[in-house]
Each structure stands twice: as structure tokens, then as C-alpha cells.
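Dock chain to chain to rebuild the complex, using the hints, since each chain is given by itself in its own frame.
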Amino acid sequence: MNKIPLHHLHQSLGAKIVPFAGYEMPVRYSSDKEEHHAVRQSVGVFDVSHMGEFKLTGPNALELIQAVTSNDASKMVDGQAQYSCLPNDRGGIVDDLLVYRISTEKYLLVVNASNIEKDWNWIKSKDKWNVPMKNISEEIVLLAVQGPKAQITLQKLTEIDLSAISFYRFIQGELAGTDMIISATGYTGAGGFELYIPKGHAEKVWKSIFAAGEEFDIKPIGLGARDTLRLEMGFCLYGNDIDDTTSPLEAGLSWITKFSKDFTNADALRKQKETGVSQRLVGFEMVERGIPRKDYTIVDEQGNSIGRVTSGTMSPSLEKGIGMGYVKTGFHQVDTELFIQIRNKSLKAKVVKPPFLK
Amino acid sequence: MNIPQELKYTKDHEWLRIDGDEAIVGITDFAQGELGDIVYVEVETEGDTVEAGGVFGTVEAVKTVSDLFMPVDGEVAEFNTALESNPEVVNADPYGDGWMIKVKISGGTEGLLSADDYKALIGE
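Protein chains in written order, with my numbering: chain G, 1 to 358; chain U, 1 to 124.
Because the hints were derived from the structure by calculation, they are not lab data.
Mimicking BS3-like on lysine-lysine, the simulated pairs with C-alpha atoms at most 25 Å apart in a straight line are:
#1 U:K119 x G:K16
#2 G:K320 x G:K350
#3 U:K11 x U:K102
#4 G:K261 x G:K126
#5 G:K16 x U:K11
#6 G:K273 x G:K75
Looking at chain U on its own, in the form it has when it is part of the complex (with noise of 0.2 Å):
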């Protein structure tokens, strides 16, 4: 299982590469397993302010349907639109072309999950 010691995590099964007050999000390693081949990933809140925990978009499996969920409060500032065509990618690139939306965030990062927490949690 790719769990990277740089990103923070949720236990929603989501990661962040924070860089000053912005921050690149996406769905785990573990997630993607878990779903199954992704087939559709849709994010209609660009633009607008999600709390953290709020559902900022959809993903899609095969077999199952899933909310996703902000990890933190700020600003959804980008969609990755490359997923529209290739939502496949989040399952092959998870932490890199797979990455879902840019924050711009506007609360505070503390309840986020280290890796060795993230593992802990799904039990690696």
C-alpha cells in the first residue's frame, strides 16, 4: 500500500500536499483499491466554500457510488477537468495525475492524519 510521508490525510480516505495555504487533494491509495475502477468523478463546486467534512464532489466507481468529502475548510479553486476524459488515472496515479481539486483554505490543518496515522487507521 502507497501511503507517501510527505501528504497529510482524513480518515475519509483522502490525501493533501499542503503548500503554504493551498493544497492539492485527492483520494488514497487505499480508496482507490477499494472502489474499484473509478469511471467518473464529478466536482461542481469550483468557486465555491466547503467546510471541512462538508461533500465537495462525487466518485464513481464500477460497482459503487461515493461521496468526497473536504478535508479541511477553504475554497474549491480548481478541478482537475483532465479527470472528465481519464478518471482512470486516480485509480492508476492516485497521488499525482489522480489529484482531484486545489484548496485554498481558510481553516486550520490540525486534525489532519500523519502517514503513520493514515496507516494505523486502515490497519497497514
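In isolation and in its complexed conformation, chain G is listed as follows (with noise of 0.2 Å):
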């Protein structure tokens, strides 16, 4: 199993490890639901080390990313990042991830921490131009600083006008004294800052971040909270609610999956898309109270199976059960009625336009 580098600084606040992707992972210092309000309400602190990051240089960079990610890569400026899913040859996703375009002929992709060697492995195989590429994950430490006050902490600490950085944008530059990367990313809706750090100064860089936050309570997050901050949001994660076998464009994906551009098995998607996709990824939130969880069968009025869970919580925000899950098509408009088998029971549910937290 391996550590993230401030492992040491997350045992010593009290945090529950569990391993997670290949890593041991905080995944809760004190309450999944004070966790989760804390970066709803104010600013929280996830360490996410465990994501994988590779760098690719050189004149044909951008040739080989278009051919292995589904958005169009080609429409970033520098100083942008892009959602992007990398599609397999047989209808699937390998992964998803995030491309930064740092200049022409510089771009990071972050990918996650249990597809790291797949997706290398998969990259590579589809390299007709030998890209320079570096896998850098072991050298980044990764510190989400995300909710309402996340700014304001930050701006403490750089002469970076963070307000000027528009979402999905970043920017290259100096923080708590140690150049990194700021992103205006993240995964919870709850606005913030996603900061690339060299590993050996990221436990000063940390430390600065929760002394500069202080007057706002801020808090170390854990990958509990990390989860229902997600699907409130409605966001998918790989492994749940996407995988090798689910294609982008029943997932609710086709907004990355631009056909303006060839890319791995791109001739298949488009003809999907012409077809029609025999199941869709929906939201949808308990009506009677219960609370859904991954795999439980999704049944019609009738009980017939119409689909499965791939996500599911009770919400800390909204005091109710949501979830994601694929259902056949037909059932997939908002407000149709779905039943989610818990145990026993098939209990009411409504499908749901995410994300769950207007």
C-alpha cells in the first residue's frame, strides 16, 4: 500500500486511513457530515496525492491527446484546463480526467489514482509520435482548498489576483512561498482552488494554508465527505458511475464527447449517438425515505428490473437520500418514477436533473 507524502501530518490530526486506489487515504478527521457542511458553509482542505499526474511535451502533444480524449483539446488556451474521458475501443471509458494546456507544446493530464498504470499504458499505446512523457504523480502533493471562504484563505498567502481566475482556468505562480500551480477546479461545488505542489514543500504550504484560514474554521476533509460533496453536485466517479464497460454518451457525457474531432473509437460513439443509448445515467432522490447505495437493483411500479445503482448517500445538505445509477431508456426523464430495492423493500424515488444541490 502506498503513502501520500503528508501521510504523517493526517495521522497525527486524528484521521481514520483506509485504503483507497493502492493508497492509505484520510478518510475522515472528525465527521463525514461536519466535513461536508464545513466546505459547503466555509473551507475545507482535501488531500488527494493519490491522483495521478503525467506530463506531456513536444510538438505532437496535442496531436496525441485529441486521439485519446473525447472533448476537443484543440479549443484551450494556455492557462485552461479541460474535463475530458479517455474512450476505449470497445464502447467503454479507460478513465476520466483533466487536461491543463500550460503552453502549445506543455499539457498535464490528471488522472485517477487507481487507473495511473492503465491509463499510461493505454496513452502510450496509441502514441504514434513517442511523446515525451513523464509520470510526475509521485512528486506532486495535491491539496484541494474548496467552499465559500476558500478565496479570501488563499489570497492571504499570494500576490496572485485569485479573483481574476476564471473557473477552469489556472495559473502558474507563487503561493505560501512555493511556486506551484493554482487551479479553479474541483470536485464539491463549492468553489475553491485545486493547488499542484512540489511534495517537498507542500507540508509548510498546508500549514500556511490552515493558519490563514483559521478565522474561518477551516477544517481537513476526508474522502467520506469528498463523496457526498461530489454527488450532491451530481459529478460522476470512475469505477461508480463510469468504467470500462459504460459509454460516455449513456453517462451523460456527450457535452465532452465532441465529434468535431477523430479520437479512439469515435466512428462507434457517433453511431451510438444516431442509434440511441439503451441506458442512461439519471439522478434521483428518494421520495420515501430510504437511502440508496451502490448496486441495489432499480425497479418500475411493477417490479420489474429497470437498472442498478452505481452511486448513492443519504445528502448531508439536503437531509435525503440521492443517487445516480443507470436505467433503460424511457425511464430516464426527470420526474419519472423510479423504486430502489433496500433490502426488503422497493421504496419511491423520482429521477432528477443534477445536480441534486441547486
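Dropping the structure here:
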């Protein structure tokens, strides 16, 4: 099991550590709900250093990225980030990722921890250009500082005007005396920044952030709250809501599937778009009291199986059960009544359009 | 970790306060800590006789769900209905107001663990 660079710090903060995607990760410091609310209402810091980072450089970097990703990376300008996915050639998804354009010939791909090796091999297998590619995952500490007080907290530590960095833009610059990537991205819907920090400086940066955020009661946040926060926004989690077998079109990721360019499996996906998909990923909320969980069966009123839950939780903000899951096309429209099989009961739910938290 | 000396325990992280042929049952401090914020306690076996090891209910935390196992043979005589509106009491006071059921014991209690056994089990 791998340890992230600040492992000792999380231990000293009393974190409960669990194995996740091959890493020992802090899942909770105090309470999932408390941490969730801290991010929604003020500011919290996640150490998500398990995530993988690949640096691609040279004149053909963009060509390779265009060939393996579904979104159109040629539309980006320097200092822009883009959500994208790596389609496989069997109709599914190798991974979802962020693509950062640092300059015309320099890109950073940020991938899921559990897929680092798989993605690396996949991208290499599609590389006809011998693009210089470096796995820098072990060198980077990634801190996500999220919440309505994230900006005012971080602003104390830098001369860069953070309010000028719009959503999905980033700047390379100094914060807390350290050169890093400051990216206006996140996985919470609460606003804030993700900081890509050279690991040798990370502890100092962490401490500076917590000192700056003290007046806002800044808190360390574990993976537990990270999941409830992302789920309230309806963001996909690889391994739950999308995987090697689900198509980006089924998953509602048409908005990052751009047929204006060629990419892996584009022809088959284009055909699928024309003929229509047989199942769709939907968000749903419980009408009757209950909490949906991954792999529960979704049925219609007559009890016929129509799908499966891929993610579910009690929403700490809405105080009711929410989830995502695949249902047969036809059951995907907003307000459609679904029933979730929870233990020995079928409990009523209805399709809603994410985000759950408006 | 709070493990009251006067209680009995099970390997499924439940505690019992035995008084004659009755027992009050809940989950341990360790269990509530592992589960995280408890948001729902469901017991629909009130009045039923359940064998030791059988499922008498379910506890749902934000991140996870877990069955509740009957620690002894007996009848589920009462459910702590206060947990329906305030399940978080199980986190705050697992050995007090967070109790879950009262059991009328019909079998033996030999298989239960002492506080020291339980401490050893969870590696305290």
C-alpha cells in the first residue's frame, strides 16, 4: 500500500486512514457531515495526492491528447483546464481526467489514482508520435482548497489576484512562498482551488493555509465528505458511475464527446449517438425514506428490473437519500417514478436533473 | 475508546446490559466510530423472536450500511423509537440514549465477551 507524502500529518490530525485505490488515504478526521458542511459553508482542505499526473510535451503532445481524449483539447488556450475522458475501443471509458494546457507544447493530464498504470499504458499504446511523457504523480502533492471562503483564505498567501482566475483556468505562480499550479477547479461544487505543489514544500504550504483559514474555522476533509459533496453535484466517479463498460453517451457525457475531431472509438460512439443508447445515467432522489447504495437494483412500479444504482448516499445538505444509476432509456426523464430495492423493500424515488443541490 | 467494564460484548461490536432475563442492546463506541455519522436506524423485528446471530435491524451511516445482529437468542421486546428522529444519538451516546433494543433473553449468554475480551478483539 502506498503512502501519500503528508501521511504522517493526517495521522497526527487524528484521521481515520483507509486503503483507497492502492493508497492509504484519510477518509475522515472528525465527522463526514461536519466536514461536508465545512466545505459547503466555509472552507476545507482535501489532500488528494493519490491522483496521478502525467506531463506531455513537444510538438505532437496535442495530437496525442486529441487522439485519446473525447473532448476537444484544441479549443483550449494557455492556462486553461478541460474535463475529458479516455474512451476505450469497446464502447466504454478507460478513465475520466482533467487536461491542463500549460503552453502550446506542454500539457498536464490529471487522472484517477486507481487508473494511473492503466492510463499510462493506454496512452502509450496510442502514441504514434513518440511524445515525451513523464509520470510525475509521486512528485506532486495535490491539495484541494474548497468552499466559499477558499479564495479569501488563499488570497492572504499570494500576490496573484485569485479573483481573476475564472472557473477551469489556472496560473503557475507563487503561493505561500512556493511555486505551484493554482487551478480554479474542484470536485465539490463549492468553489475554490486545487493546488499542485512540489512535495518537498507541501507541509509548509498546508500549515500556511491552515493558519490563513483559522478565522474561517478551516478543516481538513476526508474522502468520505469528498464523495457526498461530489454526489450532491451529480459529478461522476470513475469505478462507480462510469467504467470500462459504460459509454460516455450513456453517462451523460455527450458534452465532452466532440465529434468535430477524431478520437478512439469515435465512429462507434457517433453511431451510438445516431441510433440512441439503451440505458442512461440519471440522478434520483428518494421520495420514501431510504438511502440508496451502489449496486442496489432499480425497478419499475410492477417490480421489473430497469437498472442499477451506481452511487448513493444520504445527502448531508438536503437530508435525504440521493443517488445516481443507470436505467433503461424511457425511464430517464425528469420526474419519472423509480423504485429502489433497499433490503426487502421497494422504496419510491424520482428522477431529478443533477445537481441535486441547486 | 470507551468500553464500560460492566457490559457484555459481541464480536459484531454490540454491547448488552443484562438484567435478569432482559438485556438492553446497542452498538459499541468503536462501532459508531467506524461507521461515522449515523443517519438511520431501522428495526422492524419488534415482537419477533430472533436467534443469536440473526439480523434484527440495520444501521445506516452517511457512507455505509451495516446489519445489526442479535447477540443472544430472544425476543425483540422494544425498539428505541427515539432513534427514528434522532439517530445521531448513537454517535453521541452509544451506551446510553443511543441504545437500540430491549431483548427478552431465551437462550444462554455464555458466548458473550467481557470488556477485556472485547478490548483485545479491537486491539485496544
